[in-house]
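Peer 1: Now for the letters of each chain:
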Amino acid sequence: MKSKRTSLALMITIYVSFAILTVLSIFPFWLMIVNSTRSTYEIQQHAISLVPSNFLMNNLAILTGKSFNPILGFTNSLIVSVGTTVCALYFSTMTAYGVVVYDWKYRRQFFSFILAVMMIPAQITMIGFYQMVYSVGLTNNFLMLILPAIASPTIVFFMRQYMIPSLSLEIIQSARIDGAKELYIFNRIALPIMKPALATQAIFCFVTSWNNLFTPLILLTNQDKYTMPIMVSLLNGDIYKTEYGSVYLGLTLTVLPLIIVYLFLSKFIIAGVALGSVKG
Amino acid sequence: MKRKKKSYAKYGYLFCAPFVIAWLIFSLYPTIFTVLLSLTDFKGLGKVVFNFLDNPLQNFETILKNPSFKTAFKNTVVMWVLNFIPQISLALLLAAWFTDARYKIKGAGFFKVIFYMPNIITAATIAILFNKFFGYPMGPVNDIFTTLGWAEKPIQFLQDKTVAKGVVIFVQFWMWYGNTMIVLISGVLGISPEIFEAAEVDGASRLQTFFRITIPNLKTILLYTLVTSLIGGLQMFDIPRLFLNGGPDNGTLTTSLFIYNQAFSGSYMYNRASAASMIMFVVICGASAVLFFIMRDKDEAELAKLVRKQEKEYRKKMKEMQKGGTN
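Protein chains in written order, with my numbering: chain W, 1 to 280; chain S, 1001 to 1327.
Treat the hints as calculated values from the structure; they're not laboratory data. Any given hint could be a false lead.
[Stated by the list, open to error] Keeping only pairs whose Cα atoms sit at most 25 angstroms apart, straight-line, the calculated DSS-like set for lysine-lysine is: (1) S:Lys1317 - W:Lys181; (2) S:Lys1305 - S:Lys1219; (3) S:Lys1161 - S:Lys1074; (4) S:Lys1065 - S:Lys1043; (5) S:Lys1065 - S:Lys1153; (6) S:Lys1319 - S:Lys1309; (7) W:Lys241 - S:Lys1161; (8) S:Lys1070 - S:Lys1043; (9) W:Lys195 - W:Lys181; (10) S:Lys1316 - S:Lys1305; (11) S:Lys1165 - S:Lys1065; (12) S:Lys1165 - S:Lys1074; (13) W:Lys181 - W:Lys66; (14) S:Lys1070 - S:Lys1165; (15) W:Lys267 - S:Lys1153; (16) S:Lys1010 - W:Lys105; (17) W:Lys181 - S:Lys1010; (18) S:Lys1305 - S:Lys1317; (19) S:Lys1165 - S:Lys1153; (20) S:Lys1165 - W:Lys241; (21) S:Lys1305 - W:Lys105; (22) S:Lys1305 - S:Lys1319; (23) S:Lys1006 - S:Lys1070; (24) W:Lys105 - W:Lys181; (25) W:Lys267 - W:Lys195; (26) W:Lys241 - W:Lys66; (27) W:Lys241 - S:Lys1153; (28) S:Lys1006 - W:Lys105; (29) W:Lys225 - W:Lys241; (30) W:Lys267 - S:Lys1006.
On a predicted model such as this, the values are computed, not experimentally measured, just so you know.
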């Protein structure tokens, strides 16, 4: 009897905590979205409101009338993120394939090397990277944001872990007997088998690249090349100082696509986070 | 006809070549370049010539004595520690709740999705959003304070160092506890269910199960979480940069922001920024080395140990035999 009562109290504690955390996760974004439909005057009267107003178009006009250009930022971010994701996934899988399928002299050492450089952050070598890019005059070139992704040690590691149990060497052997070239076998046989792993990694790679502020902030000086996170940073500037509604709208425009995509893919994302931590 | 077995080894090299080339150009070269720059007098915008300093470590000395760098380093560590402790505690508690079959949490999937959500949103956006929330005179937080009568007139929250730091810590915590929770849940699910069943049969309480079984079995994953979080925390940039750009009075200045400011905002002290980068590089490498040690293949490591042991014994025997021979 007693244990039943304590467990009821515990269940209430659990669900109340969940409710609080849920509010904590949603409320800031809700407030942001609602405020993006309210006028500056309304926000100045009361910054918290749960019901939207009708100044959305007004705010949009003010927002886009200044330096903030969501469509341009969106396009640029899309180019960089898609490019980065494709490069990272294709070449990382290729590297993992080279380590798993072929038997060559230094492959063990090579894999240890990949593990060793996995945690070295790009941020630390940014000054040298910037000077290198600057000296060849490619600072505003998206390729400098995309090509470094070809060497993504973390993804190689993940792909190798996935490849070892799922890619059987017999299939490759029989394809060779049929006369298939090695690159053809990789593209047409190995890559399709890796699809589930590719999908998970693609989501994370894309989101990481989309949200990256540091590298683009340093390399991109031309306003036409600004990616979304740099575009967002313009909202902190003086020109938007008193345009509260527009600032909230600008923030909303950058968040909404992410939230929508997240709600569709959340199952894969949650599974992917869990998978990434289970070390094979 | 005699046919030699075809060797495929060269394809191994070919398939790994793009990775290696990209790594040499975009990782190794910039690293070496950064090291070199940290030993020079290289500063100023658009310059290409530089000289090595007579005292090669002068930049390092300057940086280590720089009060802003000291503040930045202290802030970085403090903000990481104060966000990590509540983050891992809450994540552990939630993981225990989610994985305990006795609770049968309804809507577990929904809650996981909601708790993880802040992690997916652009940090730059979140930083500015929280800046607006604490705005003066009429941000939402001031609205709450004045409406509820906690304050008579609006407060300039963001001019207070402690409040500013607290907000950065909270945002980091808020963005990452969901991620840590999911990692820990997958860790708990990896523990053999028989252990939990045995504990239940033996009449262990929930607290006992949690402290005696769950936590000891999660050791590796907890360590992994700790080190990855530390490496990430040491590079904290987006939020302090866009929340208050390190202010007020360097209250939220982090080392990454310090490096950025040295090199790219006004002063163009590339040499000093490089030196500061290298200091952080050493700190992060230390943390990475620990992680590498944890993550390497356990069986492989044990096998290598065994081999070494055998070799040692073999050599010992050989020596003894030689000794025996000469005697």
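Peer 1: Against the 25 angstroms threshold, does the CA-CA distance of Lys1319 (chain S) and Lys1309 (chain S) hold or violate the hint?
Peer 2: Holds: Lys1319 (chain S) and Lys1309 (chain S) sit about 15 angstroms apart, inside 25 angstroms.
Peer 1: Does Lys1043 (chain S) sit within 25 angstroms of Lys1070 (chain S), going by the straight-line distance between their CA atoms?
Peer 2: holds, 22 angstroms
Peer 1: Are the Cα positions of Lys1317 (chain S) and Lys181 (chain W) separated by 25 angstroms at most?
Peer 2: violated, 51 angstroms
Peer 1: Taking 25 angstroms as the top limit, are the C-alpha atoms of Lys267 (chain W) and Lys1006 (chain S) close enough?
Peer 2: With Cα atoms ~45 angstroms apart, Lys267 (chain W) and Lys1006 (chain S) exceed 25 angstroms; violated.
Peer 1: Would you mind confirming whether the straight-line C-alpha gap from Lys1316 (chain S) to Lys1305 (chain S) stays at or under 25 angstroms?
Peer 2: Cα-Cα ~16 angstroms, so holds.
Peer 1: Next pair to validate is Lys1006 (chain S) with Lys105 (chain W); report whether the Cα-Cα distance is within 25 angstroms.
Peer 2: Given that 25 angstroms is the threshold and the Cα spacing comes to 16 angstroms, the pair holds.
Peer 1: When you check the alpha-carbon spacing of Lys1165 (chain S) and Lys1065 (chain S), does it fall within 25 angstroms?
Peer 2: Measuring from Cα to Cα gives roughly 23 angstroms; hence the hint holds.
Peer 1: Taking only the CA atoms, is the gap from Lys105 (chain W) to Lys181 (chain W) under or equal to 25 angstroms?
Peer 2: holds, 22 angstroms
Peer 1: Straight-line Cα separation of Lys241 (chain W) and Lys1153 (chain S) no greater than 25 angstroms?
Peer 2: holds, 21 angstroms
Peer 1: CA of Lys241 (chain W) to CA of Lys1161 (chain S), is that 25 angstroms or under?
Peer 2: holds, 22 angstroms
Peer 1: Given the proposed pairing of Lys1165 (chain S) with Lys1074 (chain S), does the C-alpha separation stay at or below 25 angstroms?
Peer 2: holds, 12 angstroms
Peer 1: Taking only the CA atoms, is the gap from Lys1165 (chain S) to Lys241 (chain W) under or equal to 25 angstroms?
Peer 2: This hinted pair holds, its Cα atoms lying about 23 angstroms apart.
Hints 1, 5, 13, 15, 23 and 30 from the list above are not met by this structure, while the remaining hints are.
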